[in-house]
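Engineer: Residues per chain, in single letters:
2 protein chains.
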Amino acid sequence: VEIICVGNELLIGKTLNTNSQWLAKRITTLGLSVTRITVIGDEVKSISRTIRKALARKPSYVITTGGLGPTFDDKTLEGISEALNSRLVINQNALKMVKEKYAKYAREMAHSKFELTSARVKMARIPKEAEPISNPVGTAPAILVTKNNSTIIALPGVPSEMKAIFEESLSPMLKTSSDKTTFFEASLNISGIMESELAPLLDQVMCENPRVYIKSHPKGTEAKPRIELHLSTTSEAVDTAKKNIAKTLVQLTELIEAKGGSTQPRKNKL
Amino acid sequence: VEIICVGNELLIGKTLNTNSQWLAKRITTLGLSVTRITVIGDEVKSISRTIRKALARKPSYVITTGGLGPTFDDKTLEGISEALNSRLVINQNALKMVKEKYAKYAREMAHSKFELTSARVKMARIPKEAEPISNPVGTAPAILVTKNNSTIIALPGVPSEMKAIFEESLSPMLKTSSDKTTFFEASLNISGIMESELAPLLDQVMCENPRVYIKSHPKGTEAKPRIELHLSTTSEAVDTAKKNIAKTLVQLTELIEAKGGSTQPRKNKL
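Protein sequences appear in the order of chains A and B. Sequential numbering from 120 applies to the first sequence in this note's numbering. Sequential numbering from 120 applies to the second sequence in this note's numbering.
To be clear, the hints were calculated from the coordinates, so they are not data collected in a lab. Just so we're clear, the structure is a prediction, and the values are computed from it rather than from any experiment. Fair warning: there could be bad hints in the mix.
Pairs involving identical chains hold if they fit within one copy or between any two copies, as the list cannot separate such chains.
[Claimed, not checked] DSSO-like mimics (lysine-lysine), calculated; alpha carbons at most 30 Å apart, straight line:
#: 1; residue 1: Lys361; residue 2: Lys215
#: 2; residue 1: Lys362; residue 2: Lys266
#: 3; residue 1: Lys334; residue 2: Lys172
#: 4; residue 1: Lys282; residue 2: Lys334
#: 5; residue 1: Lys343; residue 2: Lys223
#: 6; residue 1: Lys177; residue 2: Lys218
#: 7; residue 1: Lys294; residue 2: Lys343
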């Protein structure tokens, strides 16, 4: 899975990209792996080029966030359309979704009627081959379009809308395509051993446990070391995953304590 | 400027990428613009390909974070070296920096002497053409290497180390190359007008103020709209930047209030 986040606000550091972390965590937990996250600005050329490059790497999914709304700076659909050599057309299902939302708002706000302005119709102009996905929280529909063996999914940038669509419509689909692979992780907090002393121990343990990926996260300094070791594995059988992690944890603990370090397991979750 | 963040922990959603937001904000404030942020895993091939693709877009700077430490999963220097068709060599200045750090730790921890293990020497093995940059907080030096007209700077992933090196060594350099361009921004909080009603007003104001970029950030829902408008501009003269933003703010406020919306300026900072 590749994630592409569209938005100048991310490039000027105005907004912290919590969307990509949320998506990465959910996708990983569903048993798929995120291989790349790209953040680009609100420019059609930049969006279309980035999507083309992503498709060339043949991921199962390209998930974009941002740029689906009614304003001029919402350019993701135009970018996707250009990347697919397609064109934007008013999708009748999408238009129905947008109309129903505004009719609902009109009732809630005790207006008699809402105009279907061009800014509102814009949200229903999607690439010709795409299908809209209903947005249970906001107005702009998400879209889904498949090209060769990659499925492009465009989600809104507003976190509550992105999360709601993901949970309602994407999570079941991604779960199916993950072949029931389970992602399993554990953490070990270490003190009293420097990261540079730990390095050869990790080499040894990784070599003997090739299914387990271990990453060290220094939290203190080299001189007053506190290190979090993060262990992760994927496996089709939950038992195998758990066993691999448990075996690696025991081995690591022994080696670290033999070097004078102390360890505290931190969490151990499925 | 392109930012490349290296780390599996970012791709599995374990870590929130606060580094890229911090860098993006600092770089923007210094008058340069960030055009792309890419997050990739701890793989030499992936790092070298991503750096090559970035260089092909001819940015002034490519700044990487993460992957400079002593452990096997710290692969950024190998990736940069491969991207430059270079090779890693022990840099004597870098080795001196690493040695001095460990000698200091040895004194602090009342050890008589620290071994210069291969894991520690690893941090001084940098691409042949690169220079090390001293790390005032941690052990691993940052590095700087220029290829054609792009300067690649590799910073550590530990936020305190990344920030310290940026402020001490990079900030003065980036400031010089930004030609004294100033980035200026302001925000306007709006209620009582839907984003889809706002869209044509923004088109009009943007068209009349081509130097000012306006982006709408919906905070409520379409039916109960609260929208933050973010205005930004860059200019060589602070006065011009301020004037452009002020004029745009006045125009926007008038148009929005004429449509029944209300506005509260939020902040107005240089």
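Engineer: Among the hints numbered above, which are violated by the structure, and what are their numbers in rising order?
Structural biologist: 1, 2, 6, 7
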